[in-house]
Amino acid sequence: MKDSAKPSRAEWLVTLPSFVWLVLFFAIPALIVLAFTFHGHTVNGGVGEWSLSTWRELVDPDYPTIVWKTIRISFEVTAWCILLALPCAYAIARLPKRWRAIVAGAIMLPFWTSFVVRVFAWKTMLHPDGWLQTCYHAYLHFKYWLFAWVPNVHVPTAGAGQANDCLIGIAGCAIDAAKTTIIDSEVAVVLVSVYSFLPFAIMPMYTAAEKFDFSLLEAARDLGAKNFYAFRKIFIPGIWQGIVSAVLMVFIPAIGSYVIPQMLGGTDCILIGNKIFMRAMQNRNIPHASALATLMAVSVFVPMGIAMWWKKRQAARDRKRLEVRTAQLMATGGME
Amino acid sequence: MKDDFLVFDHVTKRFGALTAVDDVSLTIKKGEFFSLLGPSGCGKTTLLRMLGGFERPDSGRIYLEGNDITDLPPNQRRVHTVFQNYALFPTMTIWDNIAFSLKLAKRPKGEIEEKVDSILDMIQMSEHAWKHPNQLSGGQKQRVAIARALVDRPQVLLLDEPLAALDLKLRQHMLIELDAIHDQVGITFIYVTHDQGEAMSLSDRIAVINYGKVEQLDVPAKIYEAPASRFVASFIGDTNFFSGTIDSIDGDYCTIQCEGFPAIKAYNDKNLAVGQRVDLSVRPEKIRVTLNPPLPEKGAGINVFASTVQDIVYQGVYTKYWIKSGSFRISAFKPHSRFLLDQEAITWNDNVFLWWHPDDGYMVEVK
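Chains U and L supply the protein sequences, listed in that same order. One point on numbering: in numbering that gives the first Met the number 0, the residue at position 13 of the first sequence is 12, and numbering is uninterrupted. One point on numbering: in numbering that gives the first Met the number 0, the residue at position 264 of the second sequence is 263, and numbering is uninterrupted.
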């Protein structure tokens, strides 16, 4: 009811500064980037005449693969972050008040170190002679042994030196495993992205979980729910807003991720961010980089927009159905 | 004992150094409206939580219809709770809140709809079925919480101070409604409260609890008229205490000698001997306050004391007097059965007579 009311003058005034800020530093730059895509480029790195040549260049068959890979990895990273952050947020919110602040502080502690330094540290940790690599080898060998009975279902595509998370027949795979490193692979990118973005997932969920009324879980159990059912049906919907913010907080930086694949992805994991960097800085083709950025944004926001529109329509439909149902309920109640 | 409907068998629960429930044994009958009454922190909520399965006793067992339920988790007992803050699921509609337990039990869809619709009708909330809890008033939330707990017919319904969050008028209204619901569904209700008025008006029986122990378990009238301890007498209603020693015995009656007060005659229902120390409780409404001494035909055996009015509090239904008698300050209620202004008014510092029949005093504690 409240959201249909017209905002008052005071409300307008309060939102004005942030509106101006967004227009100046978000909307206008985004439009400039969009405008660049309809220009050609000059040899010395400038923006050329109006032309559709940039969009024509984009037909490169590599791009759909890279866009898809970026989206897929972002989804993977987001899923891992949410999955790990959910029990964390729950556990922190259930701690005694004094401990909550301490643990929340500990989660934010890595931010005191530069992001690039932290990613660089992972380079050492994932070194081919390091213990993480040793563990990874052991894991691969175990997996091959476990699935040794499976016939060669997999066509090896990855070259030497790339982690490949697929099933390989027993004969070829032992050698393959020996050559497989975590560093310079997709596994490293996902791992370090999850590490980097996890606090951004925990924090909004924890904030929501702290406001959650835990007696609701008790009520659910009282009415016959098992612990996990209560967690799923009551806790998760209860902190839904926090989960949505967490998804956005992780997914959006993951899509634009550039430092992590650059430092740890090697040639196995080149994402759209790296391509944009290459076009802008190495090829000095700003319009082309702009077109890639636009392509990425469109391929994320269009499906999101469709999903939101669909949900709204669904909600309106549900409302209508409930109105009919209430009328029925009232009618039968009156007859008795 | 195990054959009774619901049994607490020597149940003890400690939280650190605090003994919240201290060796409590209780039996509750099927279909009863049973109240656990006591001041906050007396252990009544802990008793309820042990019955709900949220706490485990340190020792003792709990039996429901002959089955030991002490170690069962909450979701495996057919015991539902109406929480003090209602604990309605905010993300679900009223209808889904009520259907929660039925859906969990995987009842057929038609049955769920029929049961939820009919209980919504019973609590007169059909038109609110598709609202969310935050769109309801306190009294409506209360009714939904009760419906949600009752819809799958539990063996016992636990109510944890369910009316505490409501204002006075609504509370009185909900009292009547709760009573009606209990009559309608015939399920055993266990009601936890610190409000003696609620407990008295609703319950078949009351257990008065203090420091984790049951002080008295009886019907409301017995609790009020024949309190088992000084605590019960003072917690339920107002009373005057006279501590003294039995001085002489005359048939069914005895005389109690208190320091700083004339001898008091009292009914010796406990057949106590001379020299016994006792606490006598006399309720304020049992004490008459008059300007003139009672007429002789009222009986020679009654207690009459000359005193002085110290304070008067007009309450509408009655007036409360604080009266100085000997070294005692005694409270007495005078009901206004006739229009007040017709009567000869008693005012401050008047010399008055206090009197009550020996049967109206009750010896609560024997030391």
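No wet-lab data here; the hints were simulated from the structure. Just so it is clear, CB atoms sit at the ideal spot from N, CA and C, and this is done for glycine as well. Mixed in with the good hints there might be a few duds.
As the list claims (entries may be wrong) - Keeping only pairs whose Cα atoms sit at most 30 Å apart, straight-line, the calculated BS3-like set for lysine-lysine is:
(1) U:Lys96 / U:Lys122
(2) L:Lys114 / U:Lys225
(3) U:Lys311 / L:Lys108
(4) L:Lys102 / U:Lys311
(5) U:Lys310 / L:Lys323
(6) L:Lys114 / L:Lys221
(7) L:Lys108 / U:Lys210
(8) U:Lys232 / L:Lys108
(9) L:Lys333 / U:Lys311
(10) U:Lys232 / U:Lys319
(11) U:Lys225 / L:Lys269
(12) U:Lys210 / L:Lys28
(13) U:Lys210 / U:Lys311
(14) L:Lys102 / L:Lys114
(15) U:Lys310 / L:Lys105
(16) L:Lys333 / U:Lys225
(17) U:Lys225 / L:Lys285
(18) L:Lys108 / L:Lys168
(19) U:Lys5 / U:Lys319
(20) L:Lys269 / L:Lys297
(21) U:Lys5 / L:Lys114
Stated by the list, open to error - Just so you have them, the derived chain L footprint on chain U, three or more residues with Cβ under 8 Å:
(22) 218-231
(23) 235-241
**Item:** Hints not upheld, ascending by number
**Value:** 1, 5, 6, 7, 9, 11, 12, 16, 17, 18 and 21
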